[in-house]
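*Asks:* Chain by chain, the residues run as shown.
2 protein chains.
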Amino acid sequence: MTSRPDRRLVFLLNVAQRRLQRWVAAKTERNGVTAAQSGLLFILGQRDGALMGEAGAALDLGPPGISGLVDRMTAARLIERRADPDDGRAWRLWLTPVGRVALAQSKAGLAEINARLAEGFTDAEIEIVARWLTSFQTKFPRGEVQ
Amino acid sequence: MTSRPDRRLVFLLNVAQRRLQRWVAAKTERNGVTAAQSGLLFILGQRDGALMGEAGAALDLGPPGISGLVDRMTAARLIERRADPDDGRAWRLWLTPVGRVALAQSKAGLAEINARLAEGFTDAEIEIVARWLTSFQTKFPRGEVQ
DNA sequence: GGTAGATATTTCGCATGCGAACTAAATTCC
DNA sequence: GGAATTTAGTTCGCATGCGAAATATCTACC
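Chain order of the listed sequences is A and B. Everything in the first sequence is counted per the numbering used here, starting at 22 for the first residue and increasing by one. Everything in the second sequence is counted per the numbering used here, starting at 22 for the first residue and increasing by one.
No lab work stands behind these hints, which were simulated from the structure alone. Possibly wrong hints are sitting among the right ones.
All copies of an identical chain are treated as equivalent in the list; a pair is satisfied when it fits inside any one copy or across any two copies.
[What the hints assert, rightly or not] Within a straight-line C-alpha distance of at most 27 Å, the following computed DSSO-like cross-link-like pairs (lysine-lysine) qualify: (1) 160 - 128; (2) 128 - 48; (3) 160 - 48.
Please work from the sequences and hints to get the whole structure.
*Replies:* Rendered as structure tokens:
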């Protein structure tokens, strides 16, 4: 029966993600902060001075992902990278004043996006969506496929 | 009250998309066909000989996106690009024998992914998710932001 | 018929993020 | 204490897909 909707779920997810990505990119054009960069700003807003690996884990990024993101954001003066005094391999990440401003703007922008995301759906329905999205973490774990 | 779940929806969507992407990439490693490439194979499976623009629209890709995808898939011998006899600007895309085999494999793989995506959710719930994902098309339209 | 505008595709530079392979520092184990 | 292993990050090559700008062709309009 049904089975028609899920046929397209993979595709719909992909498109939705890109639509949102584009929207945020266009929205924050002047701001200069992309969606991925906002993510790291939010993390540091809660845990300024986090290790790169911690931030990467919080954002579900692998080492190359967080490394590149940090490079770009450091170049943009949004964050600062300082050596961990206790571990010669590790770096801690800190918001710069510019980064704090960008974070505040991102927070404001997120409010509008959240409003749109929930538009036309009840709290209960959004709850289901959130649960579905969260289920990916167990259904498609990092590391093991087989 | 609630309002806590949607806080993270943007992020959850992003992570879910990447998790699935990685999964598919690892899954189809030998196959050699990525998720994006499967998308085009599916389109051509239904409409062999589609114009690049048509295929791009069906996949919600802009001109540069479909152009690059076609380049890579042509190089991989999955599809063929032939000039449209009626329009000197346009190209039509055709599955190669290799592409047909890859499409068949992708179809099989999609079945497994669909099963996982629906795991733990009722048809009604999946319906809600599908509706939510589809709503992005109107909430975050191409072209206009403001 | 010829010019102005629309349309199909390409190219460029960029951000994102992956896996594989590497470097360097820390930890474990004998 | 020193070798083996683990851990934190980096680098490389790649796929993806965006916006802006360019190219080539087609269509419309005078």
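*Asks:* Work down the list of hints and note, for each, if the structure agrees.
*Replies:* Evaluation of the provided hints:
1. For a Cα distance limit of 27 Å, the shortest separation of residue 160 from residue 128 across copies, 19 Å, qualifies, whereas the shortest one inside one copy, 30 Å, does not.
2. In this assembly of identical chains, residue 128 and residue 48 lie within 27 Å of each other by CA distance solely inside one copy; the values are 13 Å within and 37 Å between copies.
3. In this assembly of identical chains, residue 160 and residue 48 lie within 27 Å of each other by CA distance solely across copies; the values are 13 Å between and 32 Å within a copy.
Comparing the model with each earlier hint shows no violations; every hint is respected.
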